[in-house]
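Student: Top to bottom, those sequences are chains L and U.
If you're matching positions, the first sequence starts at 99 in my numbering and goes up one per residue.
If you're matching positions, the second sequence starts at -19 in my numbering and goes up one per residue.
Treat the hints as calculated values from the structure; they're not laboratory data.
Careful, some of the hints might be misleading.
Stated by the list, open to error - What the simulated footprint calls covered on chain L by chain U, stretch by stretch (three residues with Cβ under 8 Å from a Cβ of chain U suffice, anywhere in the stretch; the number is not a length):
#, stretch
1, 199 to 207
2, 210 to 224
What the hints assert, rightly or not - Chain L side only, calculated, beta carbon under 8 Å to chain U, not exhaustive:
#, residue
3, D102
4, R105
5, L243
6, A245
Said to hold, decoys possible - Okay, the calculated bits of chain U under chain L, using three or more residues with CB under 8 Å as the criterion:
#, stretch
7, -11 to -3
8, 12 to 21
9, 73 to 79
Backbone N, C-alpha and C fix where the C-beta goes; we use that ideal spot for every residue, glycine too.
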Amino acid sequence: MSVDLRRAGSLMLLLMLWQAVAVMTDSPLLPDPVAVVARMAADSATGELPYHLGATLARVAASFVLAFAVGAAIGVAMGRYRAIDRVFDGWLIFFLNLPALVTIILAYVWLGLGEVAAIAAVAINKIPNVAATLREGARTLDGDLAAVARVYGMSRWRTLRHVVAPQLVPFALAAVRTGLALIWKIVLVVELLGRSNGVGFQIHMHFQMFDVTGLLAYALAFILVVQAIELFILGPVEARLVQWR
Amino acid sequence: MSSGAESGLAVTVRDKRYGARQVIGDLTFRVAPGEFVALVGPSGCGKSTLLNILAGLDTAFDGTVQAPPGRLGMVFQAPRLLAWRSVADNLLLVDPPGGAAAVEDVLAAVGLDGQGSRWPNHLSLGMQRRVAVARAFVVNPAVLLMDEPFVSLDAALAASLRDLLRGLLAKRPTTVVFVTHDLAEARELADRILYLAPSPTRVEREEVIRRQPSFA
């Protein structure tokens, strides 16, 4: 509670500072918060903002699912089998350090300016991250519990579901958290460089028009959606998964 | 484990090595059906390795283990419960032949009546050990392996768990191999004690506590 209050106070301070600077500069290049919120409301009413936000969300969801599935499989395999780890360890370092911008441009060059390239570029940026996190998780799996599963003749599936997966949950949650934060940002760049809808595209448009109010309206809407997902989806899911603690 | 012609347990470990070091050599013993055999020896004498071989967890050895048909129950040094599953689910996940009703019965039998919905790590260590014992009994084991299951408990608690084990075995006899370094515990529970000598582990001598129907 006190943390929430402190955070609210901190945000209020930021808002006041923004308001003060906006009043002092009195320039169309720095609109005050009220103007930005009014723009958000106006663009929501026309359906424009929800449309672009929806396009971005869809891309985030698609690339996130893809990155998570592929990254988790690679990471767990690397954590469990030393031979696989040896082969791919260098790859992991290479891809972890490859700038997102390079991946995006190469994806557009090689796959064309389409949705497939966009999703693939984001996923490729995120896969090494998920893989590295889940590799750590797979390395710490408890051999004692695996022995219990074997002694009592648990099936492969049951062992995976009830013995292995719950041990990976904290690592998966960490990957989801850092993953979303990263993917949100990369999706905007992907949209800015080669898509004709989405928040990134709109920000690009407003930049070309020097429409700072519109730019900030989209940025703010974006932040609100990300926070809402954190608060109303990730938080409760996490609380449920770790209730046994 | 392969099933033998006899219904007891017949174990021969000719050679078990970790790298070049031989840890078990020329070790042979039999356990009659329904007999309780304690393996006693100093710490680090390869008792746990031997038990892992009996459990089929370690197959890299030269020798044979013939076990009666049926399921295996095992109680480890630590309770080894799934912390993220309720007590009852921990038991259900080993596929008890009697299903949920059997789980309730066995929990009552180990003094955990109505505790099935609790999380294991909300229980005391003594209670967690009871759950581990319940898990071993709920599968109606043909062979029960126990690896110092009451170690690091205070004397009174260990004694009460030994009473519990005796009571469970009286109601549902099974073939038991019980590893311990506590001779008093072995004498209290076992029909026969095998004394193990270390490096490489072998049977040094045996002591019969109670007479059991032996192999014909």
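Student: Tell me whether the statement that chain U covers the stretch 210 to 224 of chain L is true, taking a Cβ distance below 8 Å and needing three residues at minimum.
Tutor: violated (count 0)
Student: Please check whether A245(L) passes as an interface residue: C-beta within 8 Å of a C-beta belonging to chain U.
Tutor: With Cβ-Cβ at 5 Å, under 8 Å, it holds.
Student: Hint check: is the beta carbon of D102(L) less than 8 Å from a beta carbon of chain U?
Tutor: Violated, about 28 Å.
Student: Against chain U, with CB atoms and a cut of 8 Å, does the hint on R105(L) hold up?
Tutor: Where the cut-off is 8 Å and the nearest Cβ of chain U is about 31 Å from R105(L), the hint is violated.
Student: Between the stretch 73 to 79 of chain U and chain L, see if three or more residues pass the 8 Å beta-carbon test, and mark the coverage as holds or violated.
Tutor: As far as the stretch 73 to 79 of chain U goes, the hint holds, because 3 residues have Cβ atoms under 8 Å from chain L.
Student: With a C-beta cutoff of 8 Å, work out whether three or more residues of the stretch 12 to 21 of chain U approach chain L closely enough for the coverage to hold.
Tutor: violated (count 0)
Student: Is the interface hint satisfied for L243(L)? The criterion is a beta-carbon contact with chain U at less than 8 Å.
Tutor: This hint holds: L243(L) lies near chain U, its Cβ roughly 6 Å from the closest one there, short of 8 Å.
Student: Okay, the stretch 199 to 207 of chain L and chain U, do three or more residues pass the C-beta test at under 8 Å?
Tutor: violated (count 0)
Student: Are there three or more residues in the stretch -11 to -3 of chain U whose C-beta lies closer than 8 Å to some C-beta of chain L?
Tutor: Since three or more residues must qualify, the claim that chain L covers the stretch -11 to -3 of chain U is violated, with 0 doing so at under 8 Å.
Checked against the numbered hints given earlier, the structure breaks hints 1, 2, 3, 4, 7 and 8 and satisfies all the rest.
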